[in-house]
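Colleague: Next come the chains, spelled out residue by residue.
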Amino acid sequence: MHELLLFASVPAHQHHELLQQLAGLTAMQPRHRLERRLVFKAHRKPGLSNARGGTNQGADIVRLNKMLNGGMYYTQVVGPISEPDFETQPSSSGDPDAPMSGTDETAGSSYDYDSQPWKLEFRDIPEAGTRSTITARLAASATLPKGDIVTPMNAWGYSFVTEYVVEGDAFIHNDIVIFLHRVLQYPIHGQEPHEPRRQLPSFRDMSPLERSGSYILQAAITVQDGSNQELMRTASQHLFGLREQLKSAVRLEHADRLSLDTRAK
Amino acid sequence: MADSFTLPLRPVIEKRDRPDSLPRDIAQINAQWGSFRELSEASLREKIEADKNKDPWAEEDEVEKETADLDTSERKEQLYKRRAEIIQFALQAHMEASFALDFVSLLLSKHNPRQAETSMSPFLKTAAPLGSLNSEIINPPPRPDTALKDIKSVSRGWRLQNFNSAASKLLNAGTRLDTEVDAEKDYWDQVLAIKEKGWKVCRLPRDGQALGVQYGFLEATPIFRDRGLAALRRADDGKLVLDKGLIPRKAQGVRVRIKQQDRISGCSKVCRPSQDAESIESRILQARDTLFEEELFHEMMREARILGNQGVTTRQNLVTIPVSEEQEILLDLVDWDQDHALEEAGFSSEQNDLADAISHSIRILLTFAHRQNLRRRTQPPPPLAPKRRPTLEYQILRPVMAYLQHKSHIQWLETYIAKLRRVLEAAGIRCDFNATQFSSIGVLQPSHLVPKVESLVGVFLAPFESTFSGTLITPQSSFRVRIRTNPTIPPVGTFYDISVNLPQFPDVQPLSRVGLQEEVAQAITHFVMLDIAAAISLQNQEGSGKVSWEVAYPHHGELLAVDTAGQSKKMKVSLSHEELNIQTYSLSRAEGFANPVAAKSSLLSYTWNPDTPGPQPSLADFVAQASQT
Chain A
1 MHELLLFASV PAHQHHELLQ QLAGLTAMQP RHRLERRLVF KAHRKPGLSN ARGGTNQGAD
61 IVRLNKMLNG GMYYTQVVGP ISEPDFETQP SSSGDPDAPM SGTDETAGSS YDYDSQPWKL
121 EFRDIPEAGT RSTITARLAA SATLPKGDIV TPMNAWGYSF VTEYVVEGDA FIHNDIVIFL
181 HRVLQYPIHG QEPHEPRRQL PSFRDMSPLE RSGSYILQAA ITVQDGSNQE LMRTASQHLF
241 GLREQLKSAV RLEHADRLSL DTRAK
Chain B
1 MADSFTLPLR PVIEKRDRPD SLPRDIAQIN AQWGSFRELS EASLREKIEA DKNKDPWAEE
61 DEVEKETADL DTSERKEQLY KRRAEIIQFA LQAHMEASFA LDFVSLLLSK HNPRQAETSM
121 SPFLKTAAPL GSLNSEIINP PPRPDTALKD IKSVSRGWRL QNFNSAASKL LNAGTRLDTE
181 VDAEKDYWDQ VLAIKEKGWK VCRLPRDGQA LGVQYGFLEA TPIFRDRGLA ALRRADDGKL
241 VLDKGLIPRK AQGVRVRIKQ QDRISGCSKV CRPSQDAESI ESRILQARDT LFEEELFHEM
301 MREARILGNQ GVTTRQNLVT IPVSEEQEIL LDLVDWDQDH ALEEAGFSSE QNDLADAISH
361 SIRILLTFAH RQNLRRRTQP PPPLAPKRRP TLEYQILRPV MAYLQHKSHI QWLETYIAKL
421 RRVLEAAGIR CDFNATQFSS IGVLQPSHLV PKVESLVGVF LAPFESTFSG TLITPQSSFR
481 VRIRTNPTIP PVGTFYDISV NLPQFPDVQP LSRVGLQEEV AQAITHFVML DIAAAISLQN
541 QEGSGKVSWE VAYPHHGELL AVDTAGQSKK MKVSLSHEEL NIQTYSLSRA EGFANPVAAK
601 SSLLSYTWNP DTPGPQPSLA DFVAQASQT
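Chains as they are written, first to last, in the UniProt record's numbering: chain A, 1 to 265; chain B, 1 to 629.
Next up, chain B with everything else stripped away, as it sits in the complex (with noise of 0.2 Å):
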């Protein structure tokens, strides 16, 4: 359309011929110069300079110079002197200013009577009376003809002048314009094109000029959902701009880091910020990433305070989480863009996928806090009462530690039961362990009415179940131990529940809720040692003409024979995670219990261990051995 028509705007000048500009150009400079000798380019160009650098305040300052030499008395003088005459000037226009008043009310006031009085000096009114002076338009004179023609030049002059700034305004309006237009175009384009990713486009609820984008959650805590809207403004270029308002514009995010043993041993992958960082869909990416962060950090936060019964810790910017006596999980919120050097200060990365994992997993707990939230939200709410519903605190933390805790008290009575079973097996004895890790996990219940992600999660806010099972030496007996790490509900912690199954010994009890791990491995090798004893026992039924042992103190893993001479044999059986150690002493009928330490000589003695190099005797040689009369 522009090409179709164009309208020149700027008037037509017309080039005039100038005969006579020679000879005038050489009068000015005859006028100015003096001579035309002295005009030369240099000394035209120095004066252009020394009018460039010439200060417009120089004379003044020069007269202050001046003055600053006089001493005080005269600058005194010279100063009422000079104020005297202000004020003389001053007056001496106030005066002519009230003349001409005077005269222009006097001669209003043939019309206007009224109002030319008031602005009338009360001398004027005494000395005329209003409406004395008239005034009546008269021809003026005939101008001289050159008057006229200068007149005709100037305003035809001023009339080029005018239609020439009128055109250039025009044409500066127009190519603003045009460049607004572009700048506009640019911006619609970009707010189209992050539309057409999906992102929530909308006006601002505060300033209803602007467009803002919506990248927050609706489910996070409302001072976090209602930061997750920027204004979408637009710089002068068009360039389209994420106003965030007061948020730091640093990316940051939550680092998990492990500590062993005094030592940093594992950190989480840092998320660096995508390489086309000046995207504006990759600032806005940055910008939820942030915020989901920040919320992830002060929601641990806060569940952390609660958990200070758990010795977890918090300072101004970390979690601190025990785990196990040597193992700590840190966690912080960093810009992203710092830690690389901290990175490269050299500590181990052996565990690194750990902490991955960890911090995997509180993001994807506090998504599932938000889908629940969502639930929550959408649930018919119940009646209003004067207490409002606390906000509980998400359970990303708990979850964690828990699996860790459950994790590592599985480990530690896996490492126990190992040693206890090369124990027994360097004494010949056969045992069968196996242990089911985790089984709470993995048992998935459909459900129509929670999503599959939504129960898979849920599974690991259940409390987590493991349970070990054995059998011991004796046919049907056998034992099995429970543990149970309840992450939520007091009393949390873990716990083992120990069940056993001895034929012999129909009076042993089963434990429960055993927190220490100390009793737990105290129990289980009690039980075991109960069930070599009744192994003993059983063992020698079979063999004849042997002195038959007979379980006498079951729980001190004693037993007792008598063979056919009425002598009497005692054995003792004492069993730990590092050995197994079996003594017989004979004792005489008469006075072993009277004297039991003056009686006792040992017989025999075995010590299984493990570590003992070469072949060792099984337990039933060395009960055969025992037995012989």
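With the rest of the complex left out, here is chain A (with noise of 0.2 Å):
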């Protein structure tokens, strides 16, 4: 699966203007979404890298070593949330804004952990050279187990970074994903802790990444095969169209290759 992607900075007076428009444009209403993201960092077993075979089947082997150990990616899991999640009220005499793992303080709290689902979602590093205007990488996701997802990401050879939320309104424009979000910061006391948070802090002590407050406006395209030529290239053209379209209101472009660089170092 390929993803063609267009991006575009929304500063914050703008916002709700903006979002007028698209509702507008996409004739329909904004979809809220807020999803949690957890990074994630491959990393070598070790004792994978020496296993020798026999000779026949070395080619194998080497296939094999190529692909546990060439290229080593980032990854989100990525899980959608709802705002009542956010309202934790806890009732013992514990500091709200650190809710550290392990200290099971679930009163009160409409946040459940173990049922939350989950997703994968593995973006590549976008593609060099051919379509300078437009950013096009291969994108594929998968559905995850619900509830605690580090034990799984740990077996298969992921370990925790770190995480954030995004928070943003989603509009469906043919067969063009409008994303208008921005990403949320979780309040830091102290140490960032090394697992996700089995608890939320209150969403008003989430704080933009971005200090002004403005949002990326991101436009997204998914294509079943990308070796088809023609609709890739059809696909860039509705692309295009919405660029159009939207010049007067924001101007996208496609993003600095290097800087959705996913690979991991």
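FYI, nobody ran anything at the bench for these hints, they're computed from the structure.
Every residue gets a Cβ at the ideal spot worked out from N, C-alpha and C, and that includes glycine.
One or more of the hints may lead you astray.
[What the hints assert, rightly or not] Derived SDA-like pairs: lysine to any residue, alpha-carbon spacing no greater than 25 Å straight-line:
no., chain 1, residue 1, chain 2, residue 2
1, B, Lys419, B, Glu579
2, A, Lys146, B, Leu449
3, A, Lys247, B, Asp226
4, B, Lys54, B, Ile29
5, B, Lys195, A, Met28
6, A, Lys119, B, Pro380
7, B, Lys387, A, Gln229
8, B, Lys195, A, Pro30
9, B, Lys185, B, Cys202
10, B, Lys195, A, Gln29
11, B, Lys387, A, Ser141
12, B, Lys197, A, Thr26
13, B, Lys452, A, Met28
14, B, Lys197, A, Met28
[What the hints assert, rightly or not] Chain B regions said to be covered by chain A (calculated; three or more residues, Cβ under 8 Å):
no., segment
15, 368-381
16, 384-396
Fit the two chains together into the complex; they arrive one by one in their own frames, and the hints show the way.
Modeller: Here's what the structure looks like:
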């Protein structure tokens, strides 16, 4: 599956107006989305790289090694949440904004970490060269088990790095998903936890990553088969059409390739 | 503002006293008419009339008339002569023009030799050197006073005339602007009125100068969606005109008719255009309704084509749906104002309610389809693939058909069971039947994801289910018939599932997926007959000193009894939905099976028929009688 993207930066004061414009363009009400995003990093499992086989299996082993050790990527695990999930009312005297894992402080909280659905999202580094006016990258996603996700991810060779929340509104315009969003960070008190939070802080305590409060407009279209040139062309034409339509409001552009690099170094 | 300061634009014309007007008029009349006596009002009027009627080309016609009399050779000669004359005139004109050109060129060549040279004739170039002619301004001789006075009055007249025309032009422009402003004001007032009523007013995508009103349905098929936009144009007088382009102006709608045995027995109500047909609002409404109806018919046609395997036929402007053997539904798109005459043509209206119900349901189903489209459109789309998603036919006819079909099956089964019950009651057998019709409807699972309206319609798109159950004569035995009609997912159609609980006959298996009504009828009668046979055998055990009947061949309804003398008797039960018949035969044990026909001799026989008047003996009485040795 391939993903074609265009981005635009939307200053905070334009946000409301753009929401209305997009609602008019797509003839639909915005769909509010809140997502927990956990960042995982692939790491080499010790002992796999020095597996040596017989000579007749050499080619296979080489290929397997290449697959296992060739590219290491960051991946994201995405879980949809809703605003009520943030309304934590801890009855205990503990600090509400430091939900440490392990302290079973579930009293009053509507958020249930153990039934949180997850989805794995893998995004490759955008393709170089060919389509310089559009960001195209390989994309794949898979549904993951609910609840505690760190254990299975560790077993697959991924370690937890950090997490953040994405808040925004999505619109659908034919095949294009327009997502006007911003990144929210958890309030930090002391040390960053090494595991996903089991409880969510109050929504008001979440701070935008971009201090000015500006939003990112992302127009994405997914293509089943990235090797089908015809389809890729159609998809990028759709995106360019949208760019033309939104020209007077925002300027959609491709993103810097290296800023979307997901390779783990 | 206009009142505050007015500026006279027309020049003020002084009234001149004309002391000499009369003598001048008399002189003119004398010159024109000869004598004053010949002038009268009548003659003047005649003259005016004559001038009015006179053809400006009449004189030429007269000439032509003359020429027509001449014969051809003379005409030819005359033609040549005329032609020569024309040519001569032309040549002369040309010559004079050349002279004038030469003259002017020579004159100019003094100051601008190069340019003047180009327009000089070659002869002049050789004859006269360039710049040999010059001109100078000389003082003209002083004009006489009379000429000066003339010029003065003429120029004064000219100026007055120009002022006049300028003034009238300005005033015209003023009034034109006035009316224009009024018209614009009217137009915008009306546009605002439309907007305030909640219609979506927008700029036309193709024609950026014009305004449009959107009345179509956003979720309709693209061809109909794009037609739901009409331009709001302004007539010259400021009236708002709804410009729908090439769409026919007539109001159209889908009409539902019910045909019962080749006779129209019901027609849906005609939606008449409102009284206030001229107001812009009602015209927008009418345009919207017509669009909706056209789309409805279009979608029904599309659906009807895939329903060919279920007997649905389409003509150019007609969809025919068979409901049962004698009932058909006709759907067509008609002009609303056209079918009044047809209505009066006199068909019965006993099934108007059904037709109205159908016409409402198909409209509800189309709007439901629109809502589904919105739902689908606002979901994240699947990845772009080479194969486009096919646009599925909406479910408009199928739920209606399934409902009607289901209903007719229920009615059939109900009447059948009622008949059977009457037969049984005639024989004094009590049995209970109860029916749960459309048990699938009415089970509405509330969900916060789907609005209540949509889940309500959704129920009608699911398979319909009804159950009939009844208890039989012997205790603990019962039967249950489940009717299911599936509108969309194959196998479409109505199926019966019959489950039966007969403790006496544990090997009797339930029947499932029966499609034919005859088979269902047979099965039910058979099960009831089995139960009657079982009941007879059970009843006998109570009595003492009588023969006891035992079920021998249950599926043939035969029972056997052996009395004390070794004489064996046979009882045969036969049941149909019209009557119950029980016969007993005596047959000797020895030859009974070898030659049953010869051995048989009927002892007792009774037929229970619900139509027989008077009291009838009950089954129990008859069996008791038959059991007597």
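Colleague: Confirm or reject each hint.
Modeller: Checked hints:
| no. | hint | in the structure |
| --- | --- | --- |
| 1 | B/Lys419 to B/Glu579 | holds (9 Å) |
| 2 | A/Lys146 to B/Leu449 | holds (22 Å) |
| 3 | A/Lys247 to B/Asp226 | holds (23 Å) |
| 4 | B/Lys54 to B/Ile29 | holds (23 Å) |
| 5 | B/Lys195 to A/Met28 | holds (20 Å) |
| 6 | A/Lys119 to B/Pro380 | holds (15 Å) |
| 7 | B/Lys387 to A/Gln229 | holds (14 Å) |
| 8 | B/Lys195 to A/Pro30 | holds (24 Å) |
| 9 | B/Lys185 to B/Cys202 | holds (18 Å) |
| 10 | B/Lys195 to A/Gln29 | holds (21 Å) |
| 11 | B/Lys387 to A/Ser141 | holds (22 Å) |
| 12 | B/Lys197 to A/Thr26 | holds (23 Å) |
| 13 | B/Lys452 to A/Met28 | holds (20 Å) |
| 14 | B/Lys197 to A/Met28 | holds (21 Å) |
| 15 | 368-381 | holds (count 6) |
| 16 | 384-396 | holds (count 3) |
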